[in-house]
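Please model the complete structure; the sequences and the hints are all you need to start from.
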Amino acid sequence: MLKHRPTIRDHSAEANLFARRAFVGFVFVLAMVAILLSNLYKIQVENHQDYQTRSNDNRIKVIPIAPNRGLIYDRNGVLLAENKPVYNLEVIPEDVNDLTESLDQVSKIITISEQEKEDFLKDIKHTRRFKSQILKARLNETEVAKFSVNQHKFPGFSIEARLARYYPFGDTLTHALGYVAKLNKKELNKLDQEGQATNYRATYDIGKLGIEKYYEQLLHGEVGSQRVEVNNRGRVIRTLSMIQPKPGSDIVLTLDIGLQQIAQHALKDMRGAIVVMDAKDGGVLALYSNPSYDPNLFVHGISSKNYKALLNQDRPLINRATQGRYAPASTVKPHMAILALEENIVSESTSIWDPGFFEIPNVEHKWRDWKRWGHGHVDVYKAIEESCDTYFYDAAYRLGITKISDFMARFGFGDLSGIDIHEETTAILPSKEWKEGRFKESWWRGDTISVGIGQGYWTATPIQIANATNILVNKGINHPPHLAQVAKKEDQVTQINGDEKPPVILKNPDNWRIAIDAMHNTVKKVTGTAHKAFKGVSYDPAGKTGTAQVVSIAQGERYDAKSLKERQRDNAIYVGFAPYNNPQIVLSIVVENTGGGSSVGAPIARQLMDYYFAANPVELAGNIK
Amino acid sequence: MHLDLPLLIALLIMMIGSITVVYSASGQDTAMMIRHMTRMGGAVIGMIILAQFSPATLKRLVIPLYCVGLLMLVGVLLFGVSSKGAQRWLNLGITRFQPSELMKLAVPMMVAWYIGRNHLPPRPLHLIIGFMIVMLPTLLIKEQPDLGTSILIASSGIFVLFLSGLSWRLIGFLSSVVALAAWPFWHYGMHDYQKQRVLTFLDPESDPLGSGYHIIQSKIAIGSGGVEGKGWLLGTQSQLEFLPERHTDFIFSVLSEEFGLFGVCVLLSLYLFIIGRGLYIAVNAQDAFGKLLAGALTLTFFVYVFVNIGMVSGLLPVVGVPLPLISYGGTSMVTLMAGFGIIMSIATDKRMLLK
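Going line by line, the protein sequences match chains A and B.
If you use my numbering, the first sequence corresponds to residues 1 to 625, in order.
If you use my numbering, the second sequence corresponds to residues 626 to 980, in order.
No wet-lab data here; the hints were simulated from the structure.
Heads up, the beta-carbon is just placed ideally off N, CA and C, and yes, glycines get one too.
Check before you lean on any hint, since a few could be wrong.
Covered by chain B, per the in silico footprint, the following chain A stretches (three or more residues, Cβ under 8 Å) [said to hold, decoys possible]:
1. 38-51
2. 606-614
A few chain A residues that don't get close to chain B, going by computed Cβ distances all over 10 Å [stated by the list, open to error]:
3. L17
4. T100
5. K280
6. S292
7. T426
8. V486
9. T594
Ranges between beta-carbon positions, derived for each pair [what the hints assert, rightly or not]:
10. A:A31 / B:F678: 53 to 59 Å
11. B:V706 / A:V24: 53 to 59 Å
12. A:V24 / B:L630: 48 to 54 Å
13. A:S107 / B:Y838: 29 to 35 Å
14. B:V706 / A:K186: 54 to 60 Å
15. B:G666 / A:E94: 43 to 49 Å
16. B:K820 / A:S241: 42 to 48 Å
17. A:E101 / B:C890: 46 to 52 Å
The structure is reproduced here in structure tokens:
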């Protein structure tokens, strides 16, 4: 096969053939180079801008920086909500290779409870994979040290120092301040719709309740950002530029933490609520609901055990001051008296005879006075001082529900007080329309009679009762209640609240004086229901007691606290203000199932007023002549 | 000394370029640079030594080299060492050896010798035998599997046949056969990973985080370089490691990113100069063996260039061919320089004769 044939080779012909082929080869090479170049020209020149952009997208990442949440102070500058550094073990899911395996390994170094693991796995389903998620919050120093040593074994895991909300006064302020806790899916969607999602890119907590929720926008601040150059593993190589976050505004409340503590102390383990307002501007000095709970539990995610403990029958989660619906009882008698005077149903000088009950023609039912044998001759002053029921049964019966309902609505009953927390209810100011809507029944004349003493269908929240009293003692001037005073941002101070609402105007303004004087007598006169509680005080208080029935007592039976179950006993109510001639504070107190307003409510009011006037000795001196 | 000065100078300029780009691509890794330069030095010395052999001596070595190479290829398939899913190495105790590198030289030598023995253009029988000499090692290497190298080896042999004067009619006929054979090759001749590479090549954006990632990042690097480039050591795609395999197969992307279209033109001019010089040497070679071998080696060198640049700029699928003389990596550099040694030997052989 390979046998050489002895033929003569034409070397120059072969050389020519080869040279031609080599030339073709070179032309082929040039053609291919032209193809390469035209393609490279397209990439490097024609599409340069596009690739330039994509190259920058690759290397430049924008890292959001959370703003510091605004602080919350009381009226005297005491810090009520602060930000404390905490160390959290956090995970960026995107950077972890095998999450389950890593979690197992980490648990061998730091104790991570099943609950924490479960919560974490739930959280990462709802958030973006590049956002750092907290696996374990608030590590102690040992845990920080232990993990740091092993850090290199856990890509995507890191210990982050963050500022977390802390409430130094714990359960004293929960129902007023509320708290912040982890942002959830629903809130994220809402922020998205409001166009706020970007602003919360680095934020972990959001106000859930109280002031923290109501003023979320003010407190939150504006997110900052850092443009950084990263490598292909996302490691930050250098910072290119930075926009500092703008911290949220600090908020100064009208609350007085001292008074708030007195309120908590006074209620001890009794269920109830206290609202103290500045009579001059409607600023809330104290707003306390008992029982309360520690808001700090919620900040880092409350355990289900702790949460279950809060779901007991005392219902600590309810803000009784704004959501508790109580019959206002005798505390609305002064308002009722003013209405009766306005409508000329009664006058300053006329009296009625109280035999101990009230009845209407053709009805067998007897509406009893709290005093079985009656108060005898009763005028408008005595009716308020001694809290005569029969006088107001009669007045209400003659006024009719529509007049009562319209008048009381002007004092804010049946409506939100407008206090700057979202947890509030309107309670019920009954009217004909209301009853028809609610029970599909028409209003019966007899329904009006117990409304006359703040009972029957009528319910009100402690904040409504305080507000209604405040309007009365200010002779119609209406300063609605509010908790926040000013917002401070850098050096800028912005007034948040303090606007007046339209006043309540009487046909005869002297009627205010009659009601106020009668409330003064309630404390001053020996026969007044609040006289005993305020014996010997240095200021000049006025007030009105109330005792609200929780269950109706059958005809002919007597209320006997001992025979009733604890939860069916009367609620004690008290409204008060001081000094009588130039009111500075107004308060309302409701204590559940403890009986009389004079025996339980009034002494608490005294403790609060004692503190208030002792704490303000200058003003105190000016009022006692 | 048997050396071709213009070729030598062009090669040395290429190497300086390589050092510059690899230094940047490696992230200024000095240890790596020392290894790279040591290998280059070794390769240059190897080239100079090979250039001293006369083509007549090389001719005598053709059959033993080719046969040993074939045996080793069979050995690789039977007892080879695997790495990255391919079985390409023979463990020789002291060092690992890749027989396919030897075949890159042995195959064109063998074909050039066989075809050169007879008249040009070759007769059909010689063509068939020549073709078989090419296909046997090509198929063995494709089995490893190493598609890139088998393409290079097949083309080196086919270039010999082309340069020897294969009739244009036959070239046309064979091309259509290859085109028709493409379909069964796609179905039975390719591994899944190779198919995947072809598919993502056709639409790299379809799998931006998977196999399309390399091509996308490479095109971003090249495109963002623009006309002037981002500057030496300033290519963000390479310095921040978005570019894969940046000091080996994708070194062209680094060069394009940092030196722009301008740098690309300089590089391609150098390549064209080397190829032109190689073909010039081939045309002026003393005998058919020298002509065919020098011509085939030169054109194969261009296949390297074309496949690599075509691959990183998205014209061709990713097949794993380094950029000749620029990429970091010992074996291919040594083989290439050995090839240039042979070309120089052919060049100076003629010169001796003329004296």
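Hint check:
1. 38-51: Holds, because 10 residues of the segment 38-51 of chain A bring their Cβ atoms closer than 8 Å to Cβ atoms of chain B.
2. 606-614: violated (count 0)
3. L17: At about 5 Å from chain B, A:L17 fails to clear the 10 Å cut-off, so the statement is violated.
4. T100: holds, 22 Å
5. K280: holds, 64 Å
6. S292: Per Cβ check, A:S292 is outside 10 Å of chain B; nearest 52 Å; holds.
7. T426: Nearest chain B Cβ is 56 Å from A:T426, so the label holds.
8. V486: holds, 49 Å
9. T594: With a cut-off of 10 Å, A:T594 remains clear of chain B, as the shortest Cβ separation is near 68 Å.
10. A:A31 / B:F678: 53 to 59 Å: violated, 34 Å
11. B:V706 / A:V24: 53 to 59 Å: violated, 41 Å
12. A:V24 / B:L630: 48 to 54 Å: violated, 27 Å
13. A:S107 / B:Y838: 29 to 35 Å: At 34 Å between Cβs, range holds.
14. B:V706 / A:K186: 54 to 60 Å: holds, 59 Å
15. B:G666 / A:E94: 43 to 49 Å: Taking Cβ atoms as reference, B:G666 and A:E94 lie about 45 Å apart, which means the hint holds.
16. B:K820 / A:S241: 42 to 48 Å: Because 45 Å falls inside the window, the suggested range holds.
17. A:E101 / B:C890: 46 to 52 Å: holds, 51 Å
Hint violations for this structure: numbers 2, 3, 10, 11, 12, all remaining hints satisfied.
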